[in-house]
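J.: If you want the building blocks of each chain, they are given just below.
There are 2 protein chains.
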Amino acid sequence: MALLNYEDFFTERANRVKSSVIRELLRLGSQPGIISLGGGMPDPALFPVKLFKECMDMVLEEIPHISLQYGETVGYKPLREELVKISEKEGIKGVDADNILITSGSQQGIDFMSKMLIDKGDTVITEAPTYLSAVQSFDTFMAKFETIPVDDHGADIDILEQKLKMLKEKGIKPKFFYTVPTFQNPAGVSMSLERRKKLIQLAIENDLIIIEDNPYGDLRFTGENLPSLKALDTEDRVIYLRTFSKILAPGIRLGWIVAAKEVISKINLMKQSTDLCSPAITQAATAEYLKRDYLWPHLEVIKKSYAHKAEVMRKAIQDYFPSEIKTNTPEGGMFIWAVAPEKVDATAMFREAVDKGVAYILGSAFYPDGSGHHTMRLNYTMQTPENIEEGIRRLGILLKEKV
Amino acid sequence: MALLNYEDFFTERANRVKSSVIRELLRLGSQPGIISLGGGMPDPALFPVKLFKECMDMVLEEIPHISLQYGETVGYKPLREELVKISEKEGIKGVDADNILITSGSQQGIDFMSKMLIDKGDTVITEAPTYLSAVQSFDTFMAKFETIPVDDHGADIDILEQKLKMLKEKGIKPKFFYTVPTFQNPAGVSMSLERRKKLIQLAIENDLIIIEDNPYGDLRFTGENLPSLKALDTEDRVIYLRTFSKILAPGIRLGWIVAAKEVISKINLMKQSTDLCSPAITQAATAEYLKRDYLWPHLEVIKKSYAHKAEVMRKAIQDYFPSEIKTNTPEGGMFIWAVAPEKVDATAMFREAVDKGVAYILGSAFYPDGSGHHTMRLNYTMQTPENIEEGIRRLGILLKEKV
Numbered sequence: 004m005a006l007l008n009y010e011d012f013f014t015e016r017a018n019r020v021k022s023s024v025i026r027e028l029l030r031l032g033s034q035p036g037i038i039s040l041g042g043g044m045p046d047p048a049l050f051p052v053k054l055f056k057e058c059m060d061m062v063l064e065e066i067p068h069i070s071l072q073y074g075e076t077v078g079y080k081p082l083r084e085e086l087v088k089i090s091e092k093e094g095i096k097g098v099d100a101d102n103i104l105i106t107s108g109s110q111q112g113i114d115f116m117s118k119m120l121i122d123k124g125d126t127v128i129t130e131a132p133t134y135l136s137a138v139q140s141f142d143t144f145m146a147k148f149e150t151i152p153v154d155d156h157g158a159d160i161d162i163l164e165q166k167l168k169m170l171k172e173k174g175i176k177p178k179f180f181y182t183v184p185t186f187q188n189p190a191g192v193s194m195s196l197e198r199r200k201k202l203i204q205l206a207i208e209n210d211l212i213i214i215e216d217n218p219y220g221d222l223r224f225t226g227e228n229l230p231s232l233k234a235l236d237t238e239d240r241v242i243y244l245r246t247f248s249k250i251l252a253p254g255i256r257l258g259w260i261v262a263a264k265e266v267i268s269k270i271n272l273m274k275q276s277t278d279l280c281s282p283a284i285t286q287a288a289t290a291e292y293l294k295r296d297y298l299w300p301h302l303e304v305i306k307k308s309y310a311h312k313a314e315v316m317r318k319a320i321q322d323y324f325p326s327e328i329k330t331n332t333p334e335g336g337m338f339i340w341a342v343a344p345e346k347v348d349a350t351a352m353f354r355e356a357v358d359k360g361v362a363y364i365l366g367s368a369f370y371p372d373g374s375g376h377h378t379m380r381l382n383y384t385m386q387t388p389e390n391i392e393e394g395i396r397r398l399g400i401l402l403k404e405k406v
Numbered sequence: 004m005a006l007l008n009y010e011d012f013f014t015e016r017a018n019r020v021k022s023s024v025i026r027e028l029l030r031l032g033s034q035p036g037i038i039s040l041g042g043g044m045p046d047p048a049l050f051p052v053k054l055f056k057e058c059m060d061m062v063l064e065e066i067p068h069i070s071l072q073y074g075e076t077v078g079y080k081p082l083r084e085e086l087v088k089i090s091e092k093e094g095i096k097g098v099d100a101d102n103i104l105i106t107s108g109s110q111q112g113i114d115f116m117s118k119m120l121i122d123k124g125d126t127v128i129t130e131a132p133t134y135l136s137a138v139q140s141f142d143t144f145m146a147k148f149e150t151i152p153v154d155d156h157g158a159d160i161d162i163l164e165q166k167l168k169m170l171k172e173k174g175i176k177p178k179f180f181y182t183v184p185t186f187q188n189p190a191g192v193s194m195s196l197e198r199r200k201k202l203i204q205l206a207i208e209n210d211l212i213i214i215e216d217n218p219y220g221d222l223r224f225t226g227e228n229l230p231s232l233k234a235l236d237t238e239d240r241v242i243y244l245r246t247f248s249k250i251l252a253p254g255i256r257l258g259w260i261v262a263a264k265e266v267i268s269k270i271n272l273m274k275q276s277t278d279l280c281s282p283a284i285t286q287a288a289t290a291e292y293l294k295r296d297y298l299w300p301h302l303e304v305i306k307k308s309y310a311h312k313a314e315v316m317r318k319a320i321q322d323y324f325p326s327e328i329k330t331n332t333p334e335g336g337m338f339i340w341a342v343a344p345e346k347v348d349a350t351a352m353f354r355e356a357v358d359k360g361v362a363y364i365l366g367s368a369f370y371p372d373g374s375g376h377h378t379m380r381l382n383y384t385m386q387t388p389e390n391i392e393e394g395i396r397r398l399g400i401l402l403k404e405k406v
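Listed in order, the protein sequences are those of chains C and S.
Each residue of the first sequence is one higher than the last, beginning at 4 in the working numbering.
Each residue of the second sequence is one higher than the last, beginning at 4 in the working numbering.
Hints may contain errors.
As the list makes no split between identical chains, a pair holds if one copy fits it or if it spans any two.
As the list claims (entries may be wrong) - Pairs of lysine-lysine residues, derived as DSS-like cross-links and limited to a Cα-Cα distance of at most 27 Å, are as follows: (1) K123 - K21; (2) K123 - K306; (3) K53 - K80; (4) K21 - K264; (5) K21 - K80; (6) K21 - K171; (7) K176 - K123; (8) K56 - K294; (9) K171 - K405; (10) K318 - K168; (11) K88 - K264; (12) K307 - K318; (13) K403 - K92; (14) K80 - K56; (15) K96 - K405; (16) K294 - K53; (17) K88 - K56; (18) K201 - K171; (19) K147 - K123; (20) K92 - K405; (21) K359 - K21.
Simulated from the structure, these hints should not be mistaken for laboratory data.
On a predicted model such as this, the values are computed, not experimentally measured, just so you know.
Only chain C is shown next, with the shape it has when bound in the complex (with noise of 0.2 Å):
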């Protein structure tokens, strides 16, 4: 026992962060024998094995003095040239390696919009429902929330300039406004065209950074492929959040920020004393990974299982889910959002969830108000085919009850 009192030494920001129910309720669902629609995880079955470790064998052969050294801070110089080709395409101008730094995820991208931008106190914009991790971030870093919200064509963007239009008038700069515009997580919906326009428009006339969080972008099975808000964006006003874990593999920790090079030189110096550099084994072997053109054939077998998944749950849905509950229909990503009537309460059903051997996520958890109680994240990447339907089929008999 330790005689010394640790919470009398805490910070502020340390005694925001509790154990949350979620993530209790969440190992409750990954018990064997529950079918876990809970997790947000890519499916291990679809990893690059050999071609990855092709690119692996050869950079602790040939560079070792490199791979397993300290690497530069802002990132594996051609690691961030391969990335100026991938941002190039996406049709993101005037880019070049200086734009451009490796986070140990996209994650630690987060963690840095946070430590650069939020002053205790600081208004954030967030959508409503959101990534539950940089919702935790930014409030670590003590932020105050306003939300938006997201409907089926994303985030709603007139909401979105009442409220600046509301906040200017009570004297309040909003710090940015983080949004995941392409396949949302948790609503998996993506953001329209004309939405993004007016976005990029409202940022100019409202001196306004938008963090652009992109994990899911690339896994599109369906559907017309959309700009991103960086490759519209015209002054600077994105910072754009990329990562590896969705479209190669988490256990490399790796992901991308593109953005304005003062933003980028200023994160730079802030990850010096943060971790100093990225992993150079994972970075060296992804930028070989790269060059030797694996990631979009490889992209294209993940895309296919998928949107094979996706349709799977979306059928089942349809076969089994009451008419009341509402989902979306994926284009892309790992995730179908579903809201119940009101009525319905996601998170006192859950534990009866999982007597019936299936789990999901609490769409309360997505809210920073906590709001959404009705609704539900449903992932399609990490099961089986057979294991989403029969998943999908003893929660349809729960949600019948219950509606």
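Following the hints, position chain S against chain C.
T.: Frame of chain C; chain S shown alone:
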């Protein structure tokens, strides 16, 4: 050109991190043709490439669903279990896997100390000189610094005692004492056993947290082993930061923290929004490396080489430096610390040194208050013995002009 002025949006925190003169000089010193004694990197010729590749092959071939997937935030269990064994071997009692958290290098461990323990304006105590990037991290989180001088027997604990008394009288409760007690960076010295015991006693009497940073302790090539502060800790007052960077390779970006379970739990919660988890691929390979018992035999190879290089540097200093320059004789670690007479300005001399084809790190970089202008840190791990001798010879010529 960005029309947006990011400066207006940066946090107080972000505005504190400025590009440092030292890093610019370090860049200057790393030009081709210059013998740099400036860096703090391990010798890449000593990376255990073949052994580590064996382990990497294994984890990619046999457990890709683990090594390429997201891992537990607290760290890969088999790795933490190996680190329990290392802790026990080191004489640390009562440690199990829940006392250990894996970090993305020990720099991340330092960053967590800042996040967890430093509210704006909090007082922290460090050695002077001390590790540059720790000061940078504490400063980013807006700590106030109190410093304790370091002599041949490590930090002067009597002065720490006086300092604690003085702070108490002022009603200031310091958040922690940060120390690198073994082969200190940059001073190269180790805290005596007597002082270690006294420090633990002082911590108990003054309700003080000790952060023990020990990246070099395993690199002892002569003299008697000293117990870590953590091994002497009876009240869970020591938070112990460790790293694989100097004993295996920095490119894998892995460190670990040994601490009270309540501290590990809190850091675990903060790590979720910081980077979710450290690289699963290097964690899995490193667990395998430890399991196969590759660490200790290979460490002998590293120590033998560094012992030789340290001796070459010591002898060259004896031969070429003017006698007014005081240096320590290293028993381990990576550095010799040189203290010139006050009138020598190592900052002003740096460009002349580069012109003569040799570089070092300005000692002033390691003083939180910017003093120590007449000191230099000399690294002996990165250069060949021939270059070490030649570098010291060149520096000696210059120093003889200055003293």
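J.: Hint by hint, work out which the structure violates, then give me just those numbers in ascending order.
T.: Going through the list in order, the structure violates hints 2, 6, 9, 10, 13, 15, 20 and 21 and respects the others.
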